[in-house]
Every structure is written in structure tokens, then in C-alpha cells.
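Colleague: Listed here are the chains, written in short residue letters.
Number of protein chains: 2
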Amino acid sequence: MAKDKAKKVRRPRAAPPKGFRDYFGAEVIERKEMLDRIAEVYHRYGFDPLETSAVETVEALGKFLPDVDRPNEGVFAWQDEDGEWLALRYDLTAPLARVAAQYRNDLPFPYRRYAMGPVWRNEKPGPGRYRQFYQCDADTVGAPSVAADAEICAMLAETLETLGIPRGDYVIRINNRKVLNGVMEAAGILDPADPGRHGKERGIVLRAIDKLDRLGAEGVRALLGEGRRDASGDFTEGARLSAEQADIIMGFVEARRADGARTLARLGELVGASATGAAGVAELETIAGLLDGLGFGADRVLIDPSVVRGLGYYTGPVYEAELTFEITDDKGRPRQFGSVAGGGRYDDLVKRFTGQEVPATGVSIGVDRLLAALRAKGRIGGSVEGPVVVTVMDRDRMGDYLEMARELRGAGIRAEVYLGNPKNFGNQLKYADRRRAPAAIIQGGDEHARGVVQVKDLVLGARLAESASLEEWKQQPAQFEVPRAELVDAVRRVLAGATRGGA
Amino acid sequence: MAKDKAKKVRRPRAAPPKGFRDYFGAEVIERKEMLDRIAEVYHRYGFDPLETSAVETVEALGKFLPDVDRPNEGVFAWQDEDGEWLALRYDLTAPLARVAAQYRNDLPFPYRRYAMGPVWRNEKPGPGRYRQFYQCDADTVGAPSVAADAEICAMLAETLETLGIPRGDYVIRINNRKVLNGVMEAAGILDPADPGRHGKERGIVLRAIDKLDRLGAEGVRALLGEGRRDASGDFTEGARLSAEQADIIMGFVEARRADGARTLARLGELVGASATGAAGVAELETIAGLLDGLGFGADRVLIDPSVVRGLGYYTGPVYEAELTFEITDDKGRPRQFGSVAGGGRYDDLVKRFTGQEVPATGVSIGVDRLLAALRAKGRIGGSVEGPVVVTVMDRDRMGDYLEMARELRGAGIRAEVYLGNPKNFGNQLKYADRRRAPAAIIQGGDEHARGVVQVKDLVLGARLAESASLEEWKQQPAQFEVPRAELVDAVRRVLAGATRGGA
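Chains as they are written, first to last, in the numbering used here: chain A, 1 to 503; chain B, 1 to 503.
Pulled out of the complex, with its shape left as it was, chain A reads as follows (with noise of 0.2 Å):
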């Protein structure tokens, strides 16, 4: 009967959820390498750590209908005993706002903070597309002037160049959202005496100017017409502009120019009338002056009315930070690498909460697509060094074995016993190769009894292996024999590679 029920139990699928994965070893150690090299940047600039919780209420994230069954369109939700609906931050911004509004007695203003941590998408994952990922955000909270958001850019191009991303391998492109607000006015699709108007609309042709990269200028107008059906058949509607509107619209998008100058020239032509416009043009104008002053010339920031940055909040300035290195894509084809930070500023993210007008600005990078970009140059992606591996010859003097790892331990050698079951001795040195040791310390009866260890230096091993002759592998030089009381000086001649002098 106990077998009876023993077959009746269900094993629960050994599996993350769907679009979740798990990171090991190099993966961990690196991701924090790159964080701690960033947060010292952010640090020097005079910014301070925040980290808020990973739930806030879906009213604070505010991108919900409070009337909505079931919130969860693009975030994880779930409502607690109470009735709220909780959910998982989907990213650093909105926790900010919640957090300033807040605080706001409290914190000193501009308020100036970095953060870095997971978020999460409640979206279709896809390859490379995860339900959770990190991002690492810099905002300055409380600042009316654009001097704020030309120091983040500084401070991007900083980051970057910090991580080992050299100047010429990088852009960081500004545009402002004004501008495309003046420019919209032009077109007839943004009344500011009815801002409400043709809402529907602006969404479309800023998601459609989003996309331009991806679509080329023939999809973007494609959308700003009657729209667009993929490759694979999807029909996309379209923001149905007269030709004459998409003009304007397509002008603004392609109005980047020689230099920086020009392209204000060209912007500052096609807002027309608008006051908003017009504040925008001076608004990059002043950007792009101060950033020309620190030194941040066209080779490393330019003006680029292409780029408006997807999120709906954005009010003012926006930028992106692009990798212009080639790399090769998963078909084989040669491809820059593209954006890995993007920001701007949201006047009115924090009025939300307390119907004041709180300007802000920053920006989030997103931290593996700059992983990935760090390991395409080879900066990063060297293996974590390994432990030594103290072997297990005789179980009954595990004593002696743990006080060897000890003594290792004690001279700043990363160093272990074997704790799997020893009887198999071949399994011992596999696990050292796994684990990538540099070296595996063998202390038999005999060699107890003689007062030795045997000291084996496995990346000779391993080279021997490869390429030895029978003669050199019979020397066996890759293993030695040292006094006991000598076995963390031989370990750090093998750690050093001296004793590879002769391979």
C-alpha cells in the first residue's frame, strides 16, 4: 500500500516559470563588477543608492485602469488579502516618482539617486527576451534645467567610456520631445488649446519614429499612413495622416543634418509657429552648448531628431546611448551593436501623486545588453579563477584534509576538500577540472606516513595532456611531491606558474 501511494506522487517540473532563467557563477560575478564599476561613477557625480521594494501597488506604477478586473497587461500583479492589487515594478522610474512624492519633506531636493536591481515584464519572452532583467538607473529629481539632463549624458558617455567602451565605439543622440510636440503642432495633430486631441494618433506616430531603426523610413511612413502588415502577414494600423502631415513628419525624423547647428537650423524651420517647439530647439541648443564646453563634442554626443524614446511619459529631452561597433548577428550578418541606455525627461511623473510639478530627468541602462556589449569586446569573460581542491584519499583522516584547505584558506588561496563520496578517485580530479582548479593537493597513506603531499598542477596537466610526448607525460612533471609543512608554498608556486617554467 505504501508503494501503492508512492506512485501516486506528482514530481514537481524542475524548471524556472516560462521566460525566467537562472544566472551562475562568471554570469553573477561579472554583472556585479560591471554595477560596483558604474555605481562609482554615479557616486563621483554626487548621486546616492536607493533601493525601493520589488511590489508597489499598481496605482503608485500607474499604468492601469483602477476599474480593470484583472490589471495585469505587461506587469505581474495580484491582488492581496485586502483587495489592493500589488504588483512586480516593471521598472526603476515609476518607484522613484512614488518614492519622491513620498519623501518630498524629507530628501534633499534636486534629489540625485542611483539605483540598480531586477524588473519585471509580464510580456511573450522570446530568445534573449526575459521576464526579468536588470536595469540601473541615474535621475535627478527636482530639476527645471536642461543643465541637469546634459550632466546625465556626460555622465553616460562617462560610464561608458569607464567600462572600456572607447570614444568613437559610442554615441549618445539627444533630441527632445518638445520639438516633436512643435512639429506635431505643424502637422495639425496636437491642438494645445485641446491637448486631449488626437491623442490616439500622437501614440502611433511615436511608437511608429520608435521603430525606425528596425522599419527603415518606408515602414514609418507606412505607419503614419494606413498602416503596415509584416513579413509574417500581422497588420499593424496605421496613424491615417494625409500625405501632407506624414511629410512633416518624415521631415522632422530625417532632419538630421551635418552638424549640430544645421540640424538645429533644419528643427527650428519645422516647428514653425509653435512656442513649444521653438522652447524645444533652444532647449538642445543650450544641451548641446554646455555638453561642447565639458568637452562632449559630435564625435560623442549629437543631435538626432530620430530618436523619441518609446514610454509615454517623456516631456522634454531624451537621449540614447548607441553602440556603433559592428557586431555579427545570430544569421551570420554584421550589425552595429545599437542602444544600451536611454532616458529623458518627465516633468510629471511625480504630480501624479501630489498634483505639484516635480521636473525630473535620468536614465536607465540596460545592464545585459551592455554585459552583452562588454563581452562582443572581449572586456569581460575571463573564467572565474577556481578553487584549489584538496582530495580525499582516506576518509578517516578528513582532519588533516579540512586543515589543509584551512591553512591555504589562511594564506588567501581559494581552496577546498572534496565532499562528494571519495571512493572513486578518478571522479575526485574530474570534479577539479570542472571546477577549473589551478592545482588538486593528494595526500594517500603512504605519503601521510612519509610526512609529503603530493601537489598536482592541473593547467600544466591539462596543457601536457594536449601535446605531450609519451617520454615528457612518463616525467610526469605536472606532479610533485613537497613536505607537508611546505604545501602552501609549493600551491603558490603553481598558482604563480613556476612550476610551468619548462612546458
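There could be a bad hint or two in this list.
[To be verified] Short, incomplete list of chain A residues facing chain B, as computed with Cβ under 8 Å:
id: 1; residue: Arg-13
id: 2; residue: Arg-21
id: 3; residue: Asp-22
id: 4; residue: Leu-50
id: 5; residue: Val-55
id: 6; residue: Glu-56
id: 7; residue: Glu-59
id: 8; residue: Gly-233
id: 9; residue: Gly-332
id: 10; residue: Arg-409
id: 11; residue: Leu-419
id: 12; residue: Ile-442
id: 13; residue: Asp-446
id: 14; residue: Phe-480
id: 15; residue: Val-482
Because the hints were derived from the structure by calculation, they are not lab data. All values reported here derive from a predicted model rather than from experimental measurement. Built from N, CA and C at the ideal position, the CB exists for glycine as well.
For chain A, the structure is supplied; the task is to place chain B on it using the hints.
Modeller: Leaving out everything else, chain B in the frame of chain A:
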């Protein structure tokens, strides 16, 4: 009409969900520094980092029945679009068991991993009790030998000492669930031939012993019998053991003797004829012997039968790190700081997935408790160095001020330009104070024309403000003028305290 509409807008509440909190500045930095130092120790012991996602399937977490409509007792759970229940992890051990099962053919075994990160509990929040908190774990999976348990205990001791908890201020207490099981056999509430019987009673006994600290021997004894009514009038049902049975259990709880050998001898008597019990006593003997050989004597590690750990999944050795120094509690009474870490052996957790037994042992550090302990010992709690604040006297010369900050940063000095509204200069100095700025830089039109800047030593200024005479105050030694080109050097002198020599 627009006004009417605005009235209807319901503003979101600027607060995190109940039981969650935000961590600012120094709090984030101190925790990070502590975790970095712990990670260094874990790394030296051969442990590799693993980061699993915050979200797991409820079936993988394995605490809940699949037929419960909403399985959110203790966890935050929700149903995904396919109807599968997902939840935020409630500890780092359950995800490790899932990973060890999922990657059993890919990972080197024994798999030594550490993990640090938040976990979530859907429990009633209380003072100092949050629904998101950090854990920091190290586990060895696939290690049948109790040498693995001994090593974790040694590492735990070394970790505490590395963080600044000296010997004498902590003790690692060790026990073994097998011994408790042996005692339960002797008391007639565990039948090896029918292990399912008396499960409820054993659960009550386990939880009762785990509360010894708080309830005292009398309270535990009440819970072994009919039950216990607490000060608030709430009644907790007891295990309804006979007086003789309760005697045996209490004999176990109070089995600690003057030294380990005598405690082990007493435990040997208590488990009587139980084979499991005898095996447990032998394991404790082995662990104590190994630790003693490594220099961890009774001043740091001791066998204490009153330690059982609350979690149901432990199968062998269990251990706990207790801080023995006194602190003052909320009511002003002195008390021992108490437990900051605990763990043990759980040989069946991976088996849930694979059907094969995978022996494992590990420890979890309560990060917030340990941080509080380090604060209580004065090991942390210094404030974060504030930035030098470059004030804005003339908003048309923002470029000049940004350049000053850039130069200071280039010299490795934390610096920023005041980016709020510059109209009220007093606000700028107040801001500098609130940021704990060591210095403020001032350059008005006059100074600019003369090619100089004012450097204000805010540390000295604060000191003068507290104690200076009018004469000293008039001399204003806390503020001095230097040529613009000497800005960085002057700030360096201020940071070194050189200008405060006369105060």
C-alpha cells in the same frame, strides 16, 4: 469643464504596499559592503554565486497543495496566463533544490553555491518585520559527509569574525535532528516502521522546542502537554503527550552538560535503543572532532540539544549562530542579541524533483539582523561622504559651474553642481548642508571677473557656528578665496582638514 475633470482625478497614494519599505543611501551602501565581505569569505571556501529569479512556480517551491484555490498562505502567488501558479520565492533554499535537480547533469557535484538577495513572505507585517528581506546563503549539494556540515559551521564563524564580531561575542550551536528523532522514538511518538504516524504531535514538539528561548522550559512543557495560553489570552494547542513522554523530551532539551563529551554521553543515554538516534550522536561527535581539529573549540562551537530549527525539511545536523553580547531592547531591558544565522542538512529536498536522494547542507544569514548587530557593535554606521557642491550664482554661466564639477571629479573628488532653482542662494547652502557636503564652491560675477573662486569649508563652518565667538565668526576663516586655477588643490586641502588647523 477641464477643471471639473481635474477634480475627479483620484491621486494615487505615495506609499509602498503594507509591510514593504525603502532603503536610502548609507543603508544600501552598508548592506552592500557587508555582503561583499561575506562573498569574499564564501569565495575563498570554494563557493560559486548563483542567482535565480525572484519568481518560481508554486509547485517547484513545494510548500502548497495544488488543489487549494489560491495557494498564497505565506507566499505572494498569482496565476499566469496558462493557469499555472507562480510565486515570489520565500527563501533561497527551495530555488537551489530546483536548480540542483534541473542541472544535475551539468553542474559539478558537490555543488557549492552561495546566493544573496531578497526573499518575500506574505505574513503579517509588524515593527521591524517586513515582507521583503535579504538572505545570504551558502550550501553544499551532493555532500553526504558531515564534514560538509562542519565546514559550513567553520565558515560561519570565520564570516562573523571577518565582519568584526570577535570571539566571545558569538557562538555556533549545533544539534542533530536524528538525535531528536531517536528521542522521539524513545518517547513513543516516532515509529521507524510507520514514520507517518504521530506526525502532528512531532510537529508540535518541534515548534515547541524551537520556542524555548522565548517561552522558557515551562512554556515548552505546557505545549508538550495540553497546550498553553499566552499573555494575550490566545490558546495554542499542545501535543498531549503523557507526563512520562514529556519528561523524555524535556530531558533532551535540557541535555546540555559542562562539555561536549558529557553532552554526547547524555544524548546517547536518551536515544536508548534507537539506531537513528545513535547515528545522530555519532555524527555530532564527528563534527565536534573535526571542528576541534581546525581550532574551533568550545569557546566558538558547542553542542546544544535545545537547537532544533523550525523548518520541517531538516534531516540531520542543524546549527545556529547566536550573538551573545547584550543590547538594550525596546523597553530598555538588557538582553542577548540572539540568532543571526542558521541552517542544517536537508537530504530530501532535491529528491522531491528527481526521486533520488541528494544530500545537502547549508546556512542562511539573516542579513538585516546581522546588519543591526554590526550597528549595535559600532562596526558600521558612519555616514556617506557627501559631494562638494558647486553653487550657481549666475545661471547664465552654468557651463562654468559644470566645468568646475568636472575638474573636481577628474581629481577623484565627489562633486556636483546645484541643479535646483538657483534664485535663493540660502537654499543652495541649505542643500549643501543636507547633503553633508564637505565644501561649497561659490563664484559670482565679481569673482569671475577677478578669476577667483570662494571655497567654503562646511565642516569647519558648522563647528564655528556651534562655538565660535563673534570675532572668530567675523574673520570667516571657514571661507577663503583662491585663483580659479587652484580650485582642485584648495578643495583637496579642505578635504584633508588642513584649513581647520586653527579651530
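Colleague: Each hint should be assessed against the structure and marked as holding or not.
Modeller: Comparing the hints with the structure gives:
1. Arg-13: Holds. Min distance 7 Å.
2. Arg-21: 7 Å, holds
3. Asp-22: 5 Å, holds
4. Leu-50: With Cβ-Cβ at 6 Å, under 8 Å, it holds.
5. Val-55: Holds, about 6 Å.
6. Glu-56: 6 Å, holds
7. Glu-59: This interface hint holds because 4 Å falls under the 8 Å limit.
8. Gly-233: Cβ of A:Gly-233 sits 23 Å from chain B, so the hint is violated.
9. Gly-332: At 28 Å from the nearest chain B Cβ, A:Gly-332 fails the 8 Å test, so the hint is violated.
10. Arg-409: Status holds, d = 5 Å.
11. Leu-419: Where the cut-off is 8 Å and the nearest Cβ of chain B is about 4 Å from A:Leu-419, the hint holds.
12. Ile-442: The hint is violated - A:Ile-442 has no Cβ within 8 Å of chain B, the shortest such distance being about 17 Å.
13. Asp-446: 22 Å, violated
14. Phe-480: 23 Å, violated
15. Val-482: 22 Å, violated
In terms of the numbered hints stated before, the structure departs from hints 8, 9, 12, 13, 14 and 15, listed from lowest to highest.
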